[in-house]
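A.B. asks: Residue numbers (the working numbering): 933 to 981.
Treat the hints as calculated values from the structure; they're not laboratory data.
Certain hints may be false.
Pair ranges (Cβ atoms, derived) [as the list claims (entries may be wrong)]:
#1 Ile961 with Tyr940: 32 to 38 Å
#2 Pro975 with Lys947: 41 to 47 Å
#3 Met936 with Ile967: 16 to 22 Å
#4 Leu941 with Ile961: 36 to 42 Å
#5 Pro975 with Asp934: 17 to 23 Å
#6 Lys947 with Thr979: 36 to 42 Å
Please read all numbers here as calculations on a predicted model, not as lab measurements.
All C-beta atoms, glycine included, are put in the ideal place defined by N, C-alpha and C.
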Amino acid sequence: MDFMKDLYLFMMERKKWWLTPVILVLIFIGVLIVIGGGSAVAPFIYTLF
């Protein structure tokens, strides 16, 4: 959680708010890969990529 706090403080201090959507998309893709790796939904998720 320290990393998330440091990242937030960095974005707040340096006014790098454009990084927020990039980080959210990366987290979303990571969650999709983790969930889709071992479930019955995997064929549907793989068609997105």
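A.B. asks: Now, for every hint given, state plainly whether the structure supports it.
C.D. replies: Consistency of the hints with the structure:
| no. | hint | result |
| --- | --- | --- |
| 1 | Ile961 with Tyr940: 32 to 38 Å | violated (20 Å) |
| 2 | Pro975 with Lys947: 41 to 47 Å | holds (42 Å) |
| 3 | Met936 with Ile967: 16 to 22 Å | holds (21 Å) |
| 4 | Leu941 with Ile961: 36 to 42 Å | violated (25 Å) |
| 5 | Pro975 with Asp934: 17 to 23 Å | violated (38 Å) |
| 6 | Lys947 with Thr979: 36 to 42 Å | holds (38 Å) |
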